[in-house]
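J.: Okay, here's what each chain looks like letter by letter:
2 protein chains.
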Amino acid sequence: MRKFVVAVVAVAAAAGVAAYIDPAYGQAKGDALPVFLTEIPAGYREWRLISVAHEEGNLHSFAAVLGNDLAIRAYREKRLPFPDGAIIAALHYRHVSSEENNRVFGRPQSFIAGAPTNIQFMVKDSKKYAATGGWGFGHFNDGKPGDEAFLKTCFPCHDQTKDRDLVFTRYAP
Amino acid sequence: MRKFVVAVVAVAAAAGVAAYIDPAYGQAKGDALPVFLTEIPAGYREWRLISVAHEEGNLHSFAAVLGNDLAIRAYREKRLPFPDGAIIAALHYRHVSSEENNRVFGRPQSFIAGAPTNIQFMVKDSKKYAATGGWGFGHFNDGKPGDEAFLKTCFPCHDQTKDRDLVFTRYAP
Numbered sequence: 001m002r003k004f005v006v007a008v009v010a011v012a013a014a015a016g017v018a019a020y021i022d023p024a025y026g027q028a029k030g031d032a033l034p035v036f037l038t039e040i041p042a043g044y045r046e047w048r049l050i051s052v053a054h055e056e057g058n059l060h061s062f063a064a065v066l067g068n069d070l071a072i073r074a075y076r077e078k079r080l081p082f083p084d085g086a087i088i089a090a091l092h093y094r095h096v097s098s099e100e101n102n103r104v105f106g107r108p109q110s111f112i113a114g115a116p117t118n119i120q121f122m123v124k125d126s127k128k129y130a131a132t133g134g135w136g137f138g139h140f141n142d143g144k145p146g147d148e149a150f151l152k153t154c155f156p157c158h159d160q161t162k163d164r165d166l167v168f169t170r171y172a173p
Numbered sequence: 001m002r003k004f005v006v007a008v009v010a011v012a013a014a015a016g017v018a019a020y021i022d023p024a025y026g027q028a029k030g031d032a033l034p035v036f037l038t039e040i041p042a043g044y045r046e047w048r049l050i051s052v053a054h055e056e057g058n059l060h061s062f063a064a065v066l067g068n069d070l071a072i073r074a075y076r077e078k079r080l081p082f083p084d085g086a087i088i089a090a091l092h093y094r095h096v097s098s099e100e101n102n103r104v105f106g107r108p109q110s111f112i113a114g115a116p117t118n119i120q121f122m123v124k125d126s127k128k129y130a131a132t133g134g135w136g137f138g139h140f141n142d143g144k145p146g147d148e149a150f151l152k153t154c155f156p157c158h159d160q161t162k163d164r165d166l167v168f169t170r171y172a173p
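From first to last, the protein sequence lines are chains H and C.
Under my numbering, residue 173 is the last one in the first sequence; the count climbs by one each step, no gaps.
Under my numbering, residue 173 is the last one in the second sequence; the count climbs by one each step, no gaps.
Chain H extracted, bound-state conformation (with noise of 0.2 Å):
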């Protein structure tokens, strides 16, 4: 989990982004609403593939990119920006070299899923999360979920996709 926020945060700052988090947004006080995910939402293993996705530098991570079905519904019909109620799931796993397959093809060519690493999510509700783009975002090691600090890296990033309402992923037919 250190290496993976670290990579993070790394990414952040070389992108030039680091500047632009706000220390407001993040704070829940008084009767303020989260503005994190706490809680990993419900049934996120049984939704359907949006795509898949790779990430090299210090990250070597695999991810299935999943939805529910407000998420994939409003993929497919290219409706943007997405409902409140959509939800993205990032599934992650190491990107790791697969030696059983690689003895069968008689090369080193294959590459799988190792082992997980985290689950991110990013939950639609316009109003909730209005401080940042009408998007929460989650991050979960174990089922529990990431620091404040380190949450706070997601939107600035996601800030930058404003064409694609702040989801980098696009649909995989």
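Derived by calculation from the structure, the hints in this document are not laboratory data.
Incorrect hints may appear among the rest.
Any copy, or any two copies together, can satisfy a pair, since identical chains are not distinguished.
As a list, the in silico SDA-like pairs of lysine to any residue whose alpha-carbon atoms are at most 25 Å apart [stated by the list, open to error]:
#, residue 1, residue 2
1, Lys144, Arg76
2, Lys78, Tyr44
3, Lys127, Glu56
4, Lys162, Gly106
5, Lys162, Pro108
6, Lys162, Asn101
7, Lys127, Ala115
8, Lys162, Val96
9, Lys78, Arg48
10, Lys78, Val96
11, Lys144, Arg94
Could you slot chain C onto chain H? The hints should help.
T.: Same frame as chain H, now just chain C:
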């Protein structure tokens, strides 16, 4: 398509499995059952995720591997062999660098699903496909099935994963 076929045949050759190909299977003569899929299983794009995969060598392919209900249940219950009716789909895309993502990250780290290349299926029917380990193999480009010579390369390669009932992909939690 030609490039992909060449690559797979090369892989089969490299793995020394070409010699195992039995010229008898694949021939539907008289009232014999067809051993390869001629139609795409309905509704496969709605199926749940098994895992993701990435092949290099000459392939540069990115896959989402999905399963119908019977396949997913067998995986989750760690039940082998797979029951008749189980279907596994591998949705293949080009494994391409994402320039739009890299601009945000500030470094060339992001790979995504590019253009779709083909969809492959394994359908379990221990009687119908007895000659090929109980699995019927299918390969489709733009909805059209692959030719017989190509499809004959599926079984000899998959047959080397007998301990997993001829299925390469393991379930990603």
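J.: None of the hints should be skipped; say for each whether it holds.
T.: Comparing the hints with the structure gives:
In this homomeric assembly, Lys144 and Arg76 come within 25 Å of each other (Cα to Cα) only across copies, at 23 Å, whereas the closest approach inside a single copy is 32 Å. In this homomeric assembly, Lys78 and Tyr44 come within 25 Å of each other (Cα to Cα) both inside a single copy, at 22 Å, and across copies, at 20 Å. Proximity of Lys127 and Glu56 under a CA criterion of 25 Å is satisfied in neither setting, with 35 Å inside one chain copy and 44 Å between copies. In this homomeric assembly, Lys162 and Gly106 come within 25 Å of each other (Cα to Cα) only across copies, at 17 Å, whereas the closest approach inside a single copy is 45 Å.
Taking the shortest alpha-carbon separations for Lys162 and Pro108, only the inter-copy value of 20 Å comes in at or below 25 Å, while the best intra-copy value is 39 Å. For the identical chains of this complex, Lys162 and Asn101 are inter-copy neighbours only, at 12 Å across copies versus 40 Å inside a copy, given an alpha-carbon limit of 25 Å. For the identical chains of this complex, Lys127 and Ala115 are neighbours neither inside a copy (36 Å) nor across copies (36 Å), given an alpha-carbon limit of 25 Å. For the identical chains of this complex, Lys162 and Val96 are inter-copy neighbours only, at 22 Å across copies versus 32 Å inside a copy, given an alpha-carbon limit of 25 Å.
With identical chains, the CA atoms of Lys78 and Arg48 are at most 25 Å apart both within one copy (16 Å) and between copies (22 Å). For a Cα distance limit of 25 Å, the shortest separation of Lys78 from Val96 across copies, 22 Å, qualifies, whereas the shortest one inside one copy, 33 Å, does not. In the homo-oligomer, the alpha carbons of Lys144 and Arg94 lie at most 25 Å apart inside one protomer (18 Å), although the nearest pairing across protomers, at 34 Å, exceeds that limit.
Violated hints, in rising order: 3, 7; the structure is consistent with all others.
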